[in-house]
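K.L.:
Chain by chain, the residues:
There are 4 protein chains.
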Amino acid sequence: MTKLWEKGYSLNDEMEKFTVGDDFLLDQKLVKMDVIASIAHARMLAKIGILKEDEFARLKGALVEILRLYGEDKFHIEVEDEDVHTKVENYLTDRLGDLGKKIHTARSRNDQVIVDLRLYTKERLLEILKSLLRFCETLWEFSKENEGVIMPGRTHTQPAMPSSVGLWASALLESLLDDFILMRTAYDINNQCPLGSAASYGVPLDIDRQLTSDLLGFEKVQNNVLYANNSRGKTESIVLFALSQVMLDLSKLATDLILFSTREFGYFNLPEELCCGSSIMPQKKNPAGMELIRAKTSTMLSYLFQVTGTIKALPSGYNRDLQETKSPLLKGMDMVESSIKVCDLVISRLKVNKGVLDRSCTPEIFATDRALELVKEGKPFRDAYREVAANLDKLEITASYKDIFSRKHIGAAGNLGLPMLKDQIDSKTEWVGKEKRAFEARLEELMM
Amino acid sequence: MTKLWEKGYSLNDEMEKFTVGDDFLLDQKLVKMDVIASIAHARMLAKIGILKEDEFARLKGALVEILRLYGEDKFHIEVEDEDVHTKVENYLTDRLGDLGKKIHTARSRNDQVIVDLRLYTKERLLEILKSLLRFCETLWEFSKENEGVIMPGRTHTQPAMPSSVGLWASALLESLLDDFILMRTAYDINNQCPLGSAASYGVPLDIDRQLTSDLLGFEKVQNNVLYANNSRGKTESIVLFALSQVMLDLSKLATDLILFSTREFGYFNLPEELCCGSSIMPQKKNPAGMELIRAKTSTMLSYLFQVTGTIKALPSGYNRDLQETKSPLLKGMDMVESSIKVCDLVISRLKVNKGVLDRSCTPEIFATDRALELVKEGKPFRDAYREVAANLDKLEITASYKDIFSRKHIGAAGNLGLPMLKDQIDSKTEWVGKEKRAFEARLEELMM
Amino acid sequence: MTKLWEKGYSLNDEMEKFTVGDDFLLDQKLVKMDVIASIAHARMLAKIGILKEDEFARLKGALVEILRLYGEDKFHIEVEDEDVHTKVENYLTDRLGDLGKKIHTARSRNDQVIVDLRLYTKERLLEILKSLLRFCETLWEFSKENEGVIMPGRTHTQPAMPSSVGLWASALLESLLDDFILMRTAYDINNQCPLGSAASYGVPLDIDRQLTSDLLGFEKVQNNVLYANNSRGKTESIVLFALSQVMLDLSKLATDLILFSTREFGYFNLPEELCCGSSIMPQKKNPAGMELIRAKTSTMLSYLFQVTGTIKALPSGYNRDLQETKSPLLKGMDMVESSIKVCDLVISRLKVNKGVLDRSCTPEIFATDRALELVKEGKPFRDAYREVAANLDKLEITASYKDIFSRKHIGAAGNLGLPMLKDQIDSKTEWVGKEKRAFEARLEELMM
Amino acid sequence: MTKLWEKGYSLNDEMEKFTVGDDFLLDQKLVKMDVIASIAHARMLAKIGILKEDEFARLKGALVEILRLYGEDKFHIEVEDEDVHTKVENYLTDRLGDLGKKIHTARSRNDQVIVDLRLYTKERLLEILKSLLRFCETLWEFSKENEGVIMPGRTHTQPAMPSSVGLWASALLESLLDDFILMRTAYDINNQCPLGSAASYGVPLDIDRQLTSDLLGFEKVQNNVLYANNSRGKTESIVLFALSQVMLDLSKLATDLILFSTREFGYFNLPEELCCGSSIMPQKKNPAGMELIRAKTSTMLSYLFQVTGTIKALPSGYNRDLQETKSPLLKGMDMVESSIKVCDLVISRLKVNKGVLDRSCTPEIFATDRALELVKEGKPFRDAYREVAANLDKLEITASYKDIFSRKHIGAAGNLGLPMLKDQIDSKTEWVGKEKRAFEARLEELMM
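Quick mapping for you: the protein sequence lines, in order, are chains A, B, C and D.
The first sequence begins at 1 in our numbering and counts up one residue at a time.
The second sequence begins at 1001 in our numbering and counts up one residue at a time.
The third sequence begins at 2001 in our numbering and counts up one residue at a time.
The fourth sequence begins at 3001 in our numbering and counts up one residue at a time.
In short, the hints are calculated from the structure, not lab data.
Even for Gly, the Cβ is constructed at its ideal location relative to N, Cα and C.
Be a bit skeptical, because a hint or two may be false.
Facing chain B, from chain A, some residues (calculated, C-beta under 8 Å) [what the hints assert, rightly or not]: (1) Asp-98; (2) His-104; (3) Thr-255; (4) Ile-347.
Under the rule of at most 30 Å between Cα atoms (straight-line distance), these lysine-lysine pairs were calculated in the DSBU-like manner [said to hold, decoys possible]: (5) Lys-354(A) x Lys-2007(C); (6) Lys-3408(D) x Lys-2060(C); (7) Lys-2434(C) x Lys-3428(D).
Whole structure, please, built from the sequences with the hints as guidance.
P.N.:
Okay, structure coming up:
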């Protein structure tokens, strides 16, 4: 295929293979957004008089055709196409002759990559947020159902104080709701239209950047054209950090579940259809999914560090280094979504062994309760603490100690604030739905 | 010193040294907030009847005395004190006898550490934000002053298209304004009161968590008590990520300045009072500060990596691993503030060599201008591009090419949007001021 | 396909997709080594009487057939095959009935994965070492050719003292020779046979681990069976660290070349067939390959940190987390090899602009020479230094200053030690060749 | 204090504070090696005629005096001294006048820093290796003592197959012996003398680099002067990687111990004098030391990441960025040594609960034994596996299953190879001792 920048000499084969890398494969995911952004760009070129209205119509027709082919899995980028942008421009030129050669007026592949990634990221983040909120609902139901189930709260992996299954599960739920805020910020930072930044320095034409931004449903134009390019890699790392926080939360869940479902603990059972066996040991039911969640958290963090390591000390303006930031972003978004779904599956089928949990609440975890009883009787806390410490073998469990609902201060086992959490889930879900519908409507308008 | 948890046996000396580490040194920074949080906690204990009003008054008196000693540099935590919390409780018990032993009722060192760090982080973030906005103003002034100064825009470290010094500087400014958003989100996540979460599972007493939260000026109570503890390390990493983004931006500035101030480029001069010399080479004026900005960016990223690596796959509830997340947070905040200030200093004294910049705008960087002229004459862009490519030696610079103000689309050199940026700086500065005053007022009330 | 561990229930589809991940794709690379290791294992089972000799012969026949199919690209692992081990056992059972079901006696997939990866890594490392040494030779030739070409030595990116192109290039060469040592250590650590470790705890059969180790050409048996499994991930990280050091060296080369081939420096020219163009700027010849080297260095480091992050705090014995360490290892080895080759290509075609380099040696870089002349005349160095500093404008270049060959101490521009370096390259090349031939011979014997 | 590079203007105060950072504090550790290297340098200057013999004697006298002051804690580097090199030169000039100004002839602070760090690292690595081998001996004794103690071997954190306490402990021992190889390689790479590389480009004087290298006990001169400087950061990262591997091994130990000493598992007991308590819960004995080992592993990895991130894409020759690599190296060596010692303490006092371990070997972990019995009776392994899987509830423990010594193949519980491991520990210990004595002798000669 002709490269867009060919001018009388050919790139060395080995160098070509090296520089293209697997970019042509990754770009296969970006075809839809590349085409849509091209329609918006052409629409703008028509408005400022670079294209005639009928030229725009023919370009749009050919672009919509690409979308159709893509939908039918008939539009494939090959290594010699270099990337999606080249493939699309070459397709247009093949189909429309000179008219195809006009599409690239006033833009660079750089801002195309950025706009494609922004649009793709926006679409995927909305899907991820939906999955996240669905998982939050599963956790909410689970917390509600197990609100009154006592369990030994642990610190330092050791029995500490009385807790409840509801408290344990809704701690994760609240953490994910804070992650939502981070993801929302990442979503907003990503929601800026770079189109028109060209190679990093804009173009000497009166292009209408506000128009393309509006057509594509962005919240605003990313103003400074150099910043639009400097922010590549930066935006990716912001998204990846938010995703990392979700993974870190899931890794805590996974760690707890692996421990709590051992034979020795027995708090929970993972159903066998969610466990893998061993090729040599007939008895095995391994929590492989949870172990992979734990490992993929490191993978996600490595994506984040790959991107931040790449952009550190990079000079202003586009640098080819940025190509390497595409893969971690795309893989990271896939990874977090499948991880959320697997955890959702696990929580929705988790078997809670109430009897075991109850029996596991041995006297020592009520030592603090006993000390605070002494406080109520007038003993200074530190003295009460030492008295209990000296008499651990005499500790007895009273009914009130085990009454998890009697712990009533904000956020305690008896006062989880579940209605408030439900409200938060609901309002966030509503926002995601609205945002998604508005975005889809905008893109559909463009394609009509 | 007596450990709070001593009960008849002593910790092995080597293990003590290992587990305390440099925590007692780091805690020296947290004395003020530990004392303030103790006043709020005691106030609450009085309200719910655990302390009598006069007991509270005496405790508060002793706590305020610690603050005074601390202000006079007379309150030092030694390794045998283990940490600030032990030091303070022991001080109170020494001074007030049995009354001192009551201060720890209904709380754990865990939530003390968290609340201390939250308060300290809040105070420091407000200062950092102030420095950041001050630097934004310096960049704004610099952009304004150099709005019309042409410079070669570069991609791939090579001359690309015409740019301006104003465009270059305000790209950084806009990036920092996006960082402000990230830091604001980090600030909000941090602005939750963990007090009352105790060892991770709350306490069997009717404590008033809303009261302590309000007294300490938090935006809200961090609801789930287990989440309050699970969020340690998480919150730190969220703050460190926001700081990392600032450093990454500064590392781009540093990289540009190091390059642009070489003899070969000569775009800018760093004044000699901001450069370091060599012990062997008499002629040297090295941009050491900028190189350290570049390096410290890696250091900051390593802090982030340290914290995320620490919390990955940690089980629910407090774990001692979290102690290691204190140092990167405290150091990271110091680092970003000094880095911002050094960059502010550099930009405010940077010498712009207009003549060199003008001469550096050689014909090739106007190749795209020429191609777009041909487009205006009716040639399809790709043909125009190839024609220019074939005739690079014939490129001539026209006056209009160099008229940087003629580039008028949004975000181009001739339309940087400086008034809009000024508004953003101003409104953010106003918010920081208001928030800072409100926070300080709340803390002062407590100490009165 | 039947899972090896199926026993009456099916894995949930979503969980299956999640746990298999892209393992089945990665395993496609391991078919050859999996089959070869299976032949060795079967040979050993025959020796200890688990298999009859004719059973071994038939198993070997079928295994060799797989190799043939694989060579003809007709042996494909699908997602439902789970992994190469399952695919191979199922193939054997399909072909040989009950005999196929015997192959897995006394082994686990765990040690199969390890042995496959060790063998594959060994083969690849030998290829990478060959490429590395070939590049060292290119650098040696380049250094030799440019031994007498003066260039400004730089520190802090600024002109410092006189250097030579030979000194610059052979600095990289020596760094790569140190990397060879690291890679050699990684090679040795990897060169231990884990086979027989089974699920991590060996088997209650008198297997002959020494025999399989010898058959497969390993240097020794990895003794402790639990360590064999614990060392998974560890070995990968050791290999990746050695590869990272190579990449870090290449990133320094890339950084220098990007800078030194700018128009402003002009020390070197990258030939146009090794440069990429721009889609919008007709004049561009970008050092894209070198920028990607720089970026891929971050990618390689992220692989290292992914693996170390994964194994940190993993309990003893096999854990599924380790599956995620396969991809970075395989990708890392591919990446380093293509990166070395691209740099080899670049150095072998690099154009050295002697005139520019000579002219770039302006008086200031001889300031230290002048100071040391004053020292020879009896002035204390610090006084000489200050005198020169005060009279920088009077510095003049003398012929002796520019005589790069007159700098004769060990390792100076006039005494690079090239013959010694050639000897090192040669003896290392000889070792690699011998090791490679011996390994290949061993594997061929097994297949005969 | 006068800066070495002062020449008529002063560095801006804020910039000075920023560029010096905490370097002056870190340098306090390097005084001894800086002085020793200065003696060797002066000795060489005398040999080549730059110094007269009596000048050398006087310089040496003053340098030895510094060592004495340092030994008496009377030689302190202050922030205004900038670093140890400046402090020492200024001391010499104060004491000896013009003669002091001669010490810096033919060297740069750059190669001083490198040589100081190389010497310091060499000394510390030998100490660390000693601690490591001492810990290996403790593990060996522990393994020997518990060779016959059965324990459930685990995979996926779940019971898998029978193992022994000896197998578990000696797996760690073997891992540490592989780490020794990595540390030995790091030691060798570090064992090259950079002195004479000056600012990165050598000096125009006939210095005798071999002499200084020999005087200081290095194995060889680091040849290429530019490589000597380029290898800064690189060497640090090589050392840190080796240390990281030790920490990763310790983190596995810590993870196992935390799990195995929970009440639910009860395999081991950590004695109470090695555990920390809680400020609120009277019953707590927390494995804080082990949790910190786990966390410090992330810290160590972050040091490695910091250094590799710093040197990535750094141009050739000295850059100030490298200053930031000093702290992670120094801290990393301290950290690994205290971590090894704490683990040594824990293993030497660990209580093994044989009864619990025996009872924990429930029937399911012998499922594979049963399947292999069926194999011996002629059943193909896969059929045997399925038969056992279908009859798990009928599994019975036989005496032979629990006879851990009957597992006799290489590396199995009954054949740990302890004598071979003892030999390895002994020969390594001998090497360390010899190397240490030789190095110390060399340094003492210089000071005499």
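K.L.:
To test your reading of the hints: which numbers does this structure violate?
P.N.:
4
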